[in-house]
Structures are given as C-alpha cells and as structure tokens.
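Generate coordinates for the entire structure from the input sequences, incorporating the hints supplied.
Residue numbers (our numbering), protein chains in the order written: chain A, 1 to 459; chain B, 1 to 459.
I should point out that these hints are in silico values taken from the structure, not numbers from a laboratory.
One should not assume that every hint holds.
The list treats identical chains as one, so a pair stands whether inside a single copy or across any two.
Unchecked claim - The calculated lysine to aspartate or glutamate pairs, modelled on EDC-like cross-linking and capped at a C-alpha distance of 20 Å, are: (1) K403 / D378; (2) K339 / D378; (3) K339 / E368; (4) K403 / D284; (5) K282 / D453; (6) K282 / D342; (7) K282 / E93.
2 protein chains.
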Amino acid sequence: MPQRMVVIGADAAGMSAASQARRLRGPEDLEIVAFERGRFTSYSACGIPYWISGLVADHQELIVRDPETFRRDHHIDVRIRHGVTRIDLDNREVVATSFNDGGREVRESFDTLVYATGAVPAHPPWADTATLGVFGVQTLDDGAALRDWLDQDDPPRRAVVVGGGYIGVEMAEALIRRGLAVTLVERSQQPMSTVDPDMGALVRAALVGLGIDVRTGTSVTGVHERDGRVSEVLTDDGALPADVVVLGLGVRPNTALAEQAGLPLGVTGGVRTDLQMRVVGKPDVWAAGDCVETFHRISGQPVHVPLGTHANKQGRVAGINIGGSYATFPGVIGTAVTKVCDLEVARTGLLEREATQAGYACVAVSVESNSRAGYFPDAAPMTIKLIAEQHTGQLLGAQIVGKSEAAKRIDVLSVAVWNRMSVAEMTALDLGYAPPYSPVWDPVLVAARRANDAVANTP
Amino acid sequence: MPQRMVVIGADAAGMSAASQARRLRGPEDLEIVAFERGRFTSYSACGIPYWISGLVADHQELIVRDPETFRRDHHIDVRIRHGVTRIDLDNREVVATSFNDGGREVRESFDTLVYATGAVPAHPPWADTATLGVFGVQTLDDGAALRDWLDQDDPPRRAVVVGGGYIGVEMAEALIRRGLAVTLVERSQQPMSTVDPDMGALVRAALVGLGIDVRTGTSVTGVHERDGRVSEVLTDDGALPADVVVLGLGVRPNTALAEQAGLPLGVTGGVRTDLQMRVVGKPDVWAAGDCVETFHRISGQPVHVPLGTHANKQGRVAGINIGGSYATFPGVIGTAVTKVCDLEVARTGLLEREATQAGYACVAVSVESNSRAGYFPDAAPMTIKLIAEQHTGQLLGAQIVGKSEAAKRIDVLSVAVWNRMSVAEMTALDLGYAPPYSPVWDPVLVAARRANDAVANTP
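Written out as structure tokens, the structure is:
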C-alpha cells in the first residue's frame with residue numbers, strides 16, 4: 001500500500017520536491033498528487049518580462065515541464081486549476097476546489113504534505129480597481145493578460161511602472177523595448193533599494209540614460225480612468241498620463257492556508273522550517289519556496305527572499321528528505337542580479353545598512369575598474385563596492401553596477417562571503433586572467449586591495 | 001643617507017615591487033634603481049597576440065607605465081637596455097652592461113635586491129637558425145619583429161604555430177584573424193594539455209571548427225628555407241609549408257644570474273622564496289614573478305606558474321614587505337583562462353592526472369549546461385568538469401570549455417577550491433540568478449549536484 005504525498009502549488013518549489021521524491025521512491029511506494037491553482041506548472045516567472053518584451057517569442061518556452069509530462073514521465077498526478085481551500089492536519093486531508101468542474105470540491109488524504117504556495121504580490125488598495133490596463137506580473141496568466149493589452153490594435157504608448165525593484169526595472173526595460181514611453185515610480189528615495197544609496201545613484205543615472213522617467217520619493221495614490229480604461233496614475237507629486245500600468249511592488253509569503261492549518265510563521269511572515277525544509281513542529285509537513293522564511297548566513301537573521309533559485313533548491317532538499325535521503329538548505333546570503341538593457345546590477349551579502357542593523361561595525365569602499373584589459377576592445381567600466389567588518393576584515397557584502405560582464409562577477413564575491421573570507425586573504429585569490437576577460441588585476445582583486453587598506457587604516 | 005633598492009627586470013613583478021616600496025618609503029629614505037634588458041617597462045605580454053591580430057592597434061596601449069613616468073612620478077630610476085651580468089652578494093653590488101652606450105659596464109650597490117628576471121622561452125635546437133620568419137612572442141620586441149614580418153608587401157599566407165598551449169592557441173587566433181591559413185603542431189596527444197584529455201578533445205574539435213589544421217602527437221624536427229626565408233616546417237609526420245613560424249613552447253624560469261649568485265633554486269627550477277617573497281636564506285634579496293617557484297595550495301607541491309597575475313601579486317607583496325609593512329603570497333591553485341575566437345577554455349585547481357599524482361583519490365564528473373536560461377536569446381552551451389576527493393567530496397579542480405560567458409565562471413569554482421569547499425556544500429551556494437545571466441540552476445550548481453551524487457555513489 002503506497003504512501004501518499006500531496007503538494008500544494010505546482011511551480012518551482014513544489015515540483016522540485018515532487019521530482020526529487022519520485023527519483024528516490026517509485027509510484028509503488030509513493031503516490032504524488034500536486035494541486036495547482038493556475039493553468040501552468042514549473043515555469044520561469046523570472047522570464048515573464050522577456051516574454052512581454054518579445055525577446056522570448058512564446059510563453060511555452062518559459063515552461064520547464066507541463067502537467068502532462070509530469071503525469072506521463074514521472075507518475076505525478078498534477079491537477080491544474082485546483083485551488084486548495086483547507087488543510088486538515090488532524091485528519092491528514094487537503095480540500096480543494098476544481099475550477100474546471102463548476103467548483104466541485106475534491107478531498108485528498110496525505111501521509112506527507114508539501115506546502116509550496118509561493119508568494120502573493122503586494123496590492124495597494126488603489127489597485128483594487130475594475131479599471132482596465134492595470135497589471136501585475138506575478139504569474140504567466142498575468143503576463144498573458146498584459147501581452148494582450150499591449151498587442152491591441154491601438155496599442156498603449158505611455159506606461160507607468162509602479163515600484164523600482166527588480167521586477168519594476170525589468171518591466172521598464174521590456175516596455176522600452178516595445179517602444180513605449182516609460183515612467184518608473186518608486187516610493188523610496190532611489191530605484192533598486194536592494195543596493196546602497198551610492199550604488200543606487202549609479203543605477204538611477206543609467207536608467208535615466210536609457211530614457212526612463214524615474215520618479216523617486218513618489219507615492220501612487222490612485223488611477224484615473226476614461227471609458228473604463230486607465231488614463232492617468234495619480235501620485236502625491238501630480239498625475240502621470242498612462243495607457244498601461246504595471247505593478248512591481250514586491251511580494252509577501254502566501255500563508256493564508258498555513259495560518260488556517262496552524263503552521264508556524266516567522267517574523268518575516270513566512271512558514272518556519274528546519275534545515276531539511278520540514279515545517280517546525282510538524283513532522284509530516286514540508287514547506288519550500290517563496291512561502292517560507294529562511295535565514296541569512298551573515299546577519300544571522302530570519303529573512304524572506306522570494307527567488308526562483310532558492311525555491312528550486314529548497315524544493316529539491318525537501319524532496320530528497322521525503323525520498324529518504326538527506327540534504328539541507330543552509331540559508332542564503334542575499335545574492336541577486338538584474339539587467340536593464342545594458343546596465344547590470346548585482347549584490348551579495350549585506351548592504352551597509354543591513355550590516356549595521358545586524359550589529360556589525362564595518363568599512364565600505366568603492367572602486368571603478370574594467371571588465372577587460374583596458375586596451376582590449378569593448379572593455380566596459382564597472383563599480384564594485386565591498387563592505388567588510390572592522391578589525392577582522394571579513395567580507396560582509398558586495399555590490400556591482402556596470403555594463404557587460406559586470407554582474408556575474410558577484411558570484412566570485414558570493415563564494416567569498418559564504419566562506420567568510422577576509423579581504424586580506426582575498427587579495428591573493430587565484431582568479432582567471434587573460435586580456436579578453438579581465439585586467440591583470442581583476443576588478444574583484446582591486447576592490448579587495450582597497451578594502452584591505454581601509455580595514456588596516458580604521459582604528 | 002637613503003638606502004638603495006636595486007631591481008633586476010623592470011616588468012610586472014619588478015615594477016610592482018618598486019612601486020609598492022615607493023608608496024611606503026619616499027626617495028629620501030629609499031633610492032630605487034631598476035635595470036631592464038629590453039626597451040619597455042611594465043607591459044602586458046599577454047596582450048601581444050591581440051596586437052599581432054590587430055585587435056589592439058598600437059603596442060603603446062600594452063604599456064602600463066613607461067620609464068619616463070616611473071622616473072618622473074615615482075622617483076624610480078629605470079635604466080632600459082641594461083643587461084645585468086653579475087650579482088655580487090658579498091659586496092652587495094650588481095654589474096650591468098649598457099647596450100645604449102657601446103657596452104659600457106655599470107656597477108650599482110644595493111641594500112635590498114629584487115630579482116625579477118622573468119622567464120626564458122623554451123627554444124629547441126632547430127629554432128637556433130638564421131632563417132628569417134621564425135618568431136617567439138615572449139617580449140614586445142619579439143612581437144614587433146613578428147608584426148613587421150606579417151606586414152610585408154608580399155605578406156605570408158601560411159603559418160605554422162609550434163606548441164598548442166595558451167600562447168600557441170592565442171597566436172593561432174591572431175593569425176587567423178589576419179587571414180592566414182594556420183597549422184598548429186603539438187607534440188602531445190591533445191592541444192591545451194593544461195586541461196584533461198576529455199576536455200582537450202572538446203578544445204580540439206572547436207579549433208578544427210575554426211579552420212585550424214591541428215596536428216597533435218607531432219614533433220617538429222627543423223625548418224627548411226628558401227632564399228634565407230622559412231619555407232617549410234619539418235616534422236616527424238612530414239613537412240608543412242610555412243611562410244611564418246611562431247614558437248609557443250612554454251618557458252622556464254630565467255635563473256642564470258641567480259645560479260651564479262648562489263640563490264637557491266627549487267625542483268621546478270625557479271628561485272625559492274618564503275611567503276613574503278624573500279629568497280630563502282638571503283635576508284636582503286627578494287624575488288618575484290616568472291623566475292620564482294611557488295606552491296600549489298591543493299597539491300602541496302612546488303610549482304612554476306608563469307602568469308602576469310601572479311607576477312603582479314608577488315611583486316606587490318615583496319614591495320610591501322620591503323616598504324616595512326606586511327603581506328604574503330599564499331600560493332596558487334592553477335587558475336587559467338583563454339579565449340580562441342569564440343571558444344573559451346578555463347581551469348582551476350588540479351586536473352585528474354595532477355590530483356592522482358598528488359595522492360588524492362578522486363571522482364570526476366562532466367555536465368553540459370547553458371550560460372543563460374535556455375529560452376533566453378544567445379544562451380550558449382558549456383561543459384563543466386569537476387574533480388572531487390573521494391569520501392570528503394572536497395572540490396579539487398574544475399575545467400570549463402564553452403562559448404560566451406563560460407570561462408569566467410571558473411572564478412566561482414576557483415574561490416570554492418581555494419576554500420576547500422565540499423561539492424555537497426556547493427550545491428547550496430547562493431549564486432546570482434536572472435534569465436540573462438544563467439539558468440535557474442547555474443551550471444556551477446548543476447555540476448556540484450552531479451559531483452555530489454558521484455561522491456555519494458563511490459564506495
């Protein structure tokens with residue numbers, strides 16, 4: 001008699017868990033049922049801006065595996081358009097509504113439950129409107145709606161993107177590529193508040209250089225419509241004409257069901273798990289992805305970091321453990337990269353503000369350098385900022401703003417942060433050198449030297 | 001009364017040492033004299049192929065600082081075209097011949113000596129020929145001679161490059177870019193024997209795809225000339241027509257003077273130093289760059305790794321210590337990258353063969369992956385090979401062969417090797433993810449997962 005695993009949410013985290021568990025336990029040992037509210041499984045939400053822009057021609061390209069493939073090749077019973085309405089931990093049962101079937105209720109018992117409901121977008125009250133032309137870009141279904149709007153016979157020409165974080169700036173690029181005039185509205189004083197203000201200033205200058213009208217320190221208060229279609233975005237600094245509005249306001253863990261079922265939530269609002277991704281205090285329940293809280297290895301603090309790369313890793317870890325093997329997810333260090341046209345922005349570890357909040361005394365340095373030997377064609381400038389602990393010189397964080405071949409250098413710094421290297425030791429790192437790839441002093445080494453000097457000169 | 005520092009060799013290592021010492025000690029405290037055999041100081045020898053190809057228009061672009069700048073801005077008395085003929089340690093004196101001045105002998109006393117004579121190219125007996133059209137590419141002067149030859153009114157059309165290592169393949173690219181037909185002759189069974197044979201096979205296929213006639217397992221025995229100009233390269237596998245021959249046969253430490261002066265040499269033939277780059281047993285003598293022996297942090301063995309990046313670091317370390325501060329050069333891990341047209345080749349740590357020789361029992365895996373999300377335009381394939389210690393899973397080495405955005409990923413692996421990470425821990429690394437930069441599972445993570453499986457499955 002096989003056991004049964006039920007997965008709530010059939011995207012990155014949930015289906016990674018299901019696939020790994022299946023790899024280790026066959027269908028005769030473990031039945032797997034996955035409920036998915038939407039129409040799609042295992043797709044790259046991060047790819048949506050590139051589908052909107054047209055760089056990716058077809059949304060099918062964003063889908064890693066469809067429900068039929070999971071059923072056929074992996075014996076995983078994926079049920080799309082099923083919204084789970086209740087988890088009954090005592091009776092080990094999940095209740096769902098089938099949207100296909102006139103709202104028929106479905107009940108499924110489980111031995112093992114995986115909670116992978118993802119995140120829900122922040123949704124200000126003014127966005128609760130029937131006005132046409134206002135879009136989130138959280139799901140493929142959202143993306144499809146936005147694309148249809150942009151493809152109208154009389155297509156929109158003026159876009160307002162609300163929120164200057166990763167999604168916001170990536171959507172700004174997508175809309176520029178489609179030829180729209182784009183205004184980016186951000187409540188805080190800088191776009192990309194995921195980097196320090198001095199680096200954010202570089203980002204702002206680059207965004208303005210791309211022709212984006214950047215309005216920071218500006219809050220949206222509502223939208224005006226004409227004939228049921230959006231015509232203006234209202235802000236505390238005046239009205240902005242708009243034929244289309246895109247919301248990129250961040251997300252929060254989707255925990256409505258978890259709360260109802262009594263799963264423990266952390267201070268960030270995410271479901272609390274142990275290192276194996278088992279929900280704290282619930283032996284048969286696992287959670288992974290954008291709905292969970294994890295911890296920051298350098299600050300020691302709980303954090304909520306909704307990113308596909310973590311969702312995949314956490315799902316894999318949960319699945320390996322459910323499968324009877326062993327793996328852990330040992331936390332994050334806050335690495336993120338983004339690209340806006342030819343601008344590259346990257347970060348890892350702690351910002352200055354975050355380091356101070358965590359209790360570190362730190363020094364920070366910024367250096368400008370080149371992606372390649374200065375004499376080599378297409379050498380592109382970049383700015384690297386390093387944040388190191390006083391006295392010890394431990395690398396706490398790094399940020400990069402530059403042009404081509406800048407951002408992925410963050411990975412080198414990410415591995416250094418992960419290993420708690422000192423900037424002194426980093427000056428000796430054996431990094432690849434050839435003129436097409438870097439100056440003889442790689443920008444990372446130049447930055448480490450400068451940071452080491454700063455640490456030495458700080459009393 | 002100032003002390004006097006004498007530097008032998010005014011390129012990367014020597015001038016890094018001089019500059020750092022000057023930064024810490026002014027001319028009233030330390031006089032610095034640097035002797036240089038050639039006409040140039042502080043230039044990028046690694047850039048020579050790109051000057052030959054025409055990617056870099058002028059050799060002046062390869063020069064970081066000229067003698068006049070050193071004299072004027074740094075109070076460093078650089079004497080070009082001076083060949084040092086003898087070091088007298090007992091009397092703390094260096095004897096040099098001025099090539100400018102009819103061979104006049106110059107003597108200079110020192111308190112501190114920096115030995116930075118670089119390397120000398122391997123030069124087979126058959127290359128000791130008066131035949132025109134046979135060139136090394138070790139120095140800017142070599143490069144100038146080759147360029148002149150290629151720029152003749154009746155320019156050469158058929159090139160033979162002898163040696164399939166970094167210099168050889170980079171020169172092959174340079175000559176292809178200039179429109180020559182190129183044959184690459186390599187004595188061993190694969191080009192780029194700096195990577196394992198399985199990866200070398202990928203390199204060979206790519207070189208052939210670029211139109212290079214690759215002859216491995218082939219030894220050159222001589223050259224034929226016609227009218228004093230090279231006409232054929234003779235090999236144990238037949239004659240190859242050639243209008244120009246480029247030697248890329250590797251180098252050995254330039255230690256003639258060191259031997260004469262009784263400086264200690266290691267098993268690799270390089271000058272032995274301590275971690276501060278002080279010559280072993282010689283308190284006032286320092287050595288740095290391509291003439292020294294260093295050690296491999298993972299094999300624990302002495303190695304000779306002539307590379308500009310090490311020369312610069314070692315020179316800097318020597319100069320900081322001479323200046324009265326403190327720094328060390330803590331060894332290398334064998335990182336190297338090269339680019340041949342659109343082919344990228346990279347390595348770090350130990351090859352399989354080297355790991356075995358060092359005494360490790362290891363497992364190796366290779367994975368194919370993409371530089372970007374598969375649906376993203378211009379996603380390029382790459383192969384990553386990881387070598388890990390049995391049982392512990394410690395990452396011992398890595399190699400990458402791919403197209404764009406492949407090679408510099410070696411730096412991520414280099415920092416992992418440096419920190420003796422296990423492949424298990426590496427599966428959790430927090431690397432940057434966004435579709436323009438990587439798939440949601442970065443190739444490095446995919447490789448770490450595969451290696452971790454292999455370690456787990458090895459009894």
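Outcome of the hint check:
no.	hint	result
1	K403 / D378	both (10 Å within a copy, 17 Å between copies)
2	K339 / D378	both (18 Å within a copy, 15 Å between copies)
3	K339 / E368	within (19 Å within a copy, 25 Å between copies)
4	K403 / D284	neither (47 Å within a copy, 45 Å between copies)
5	K282 / D453	neither (50 Å within a copy, 29 Å between copies)
6	K282 / D342	neither (47 Å within a copy, 53 Å between copies)
7	K282 / E93	within (14 Å within a copy, 78 Å between copies)
Of the numbered hints listed earlier, those contradicted by the structure are 4, 5 and 6.
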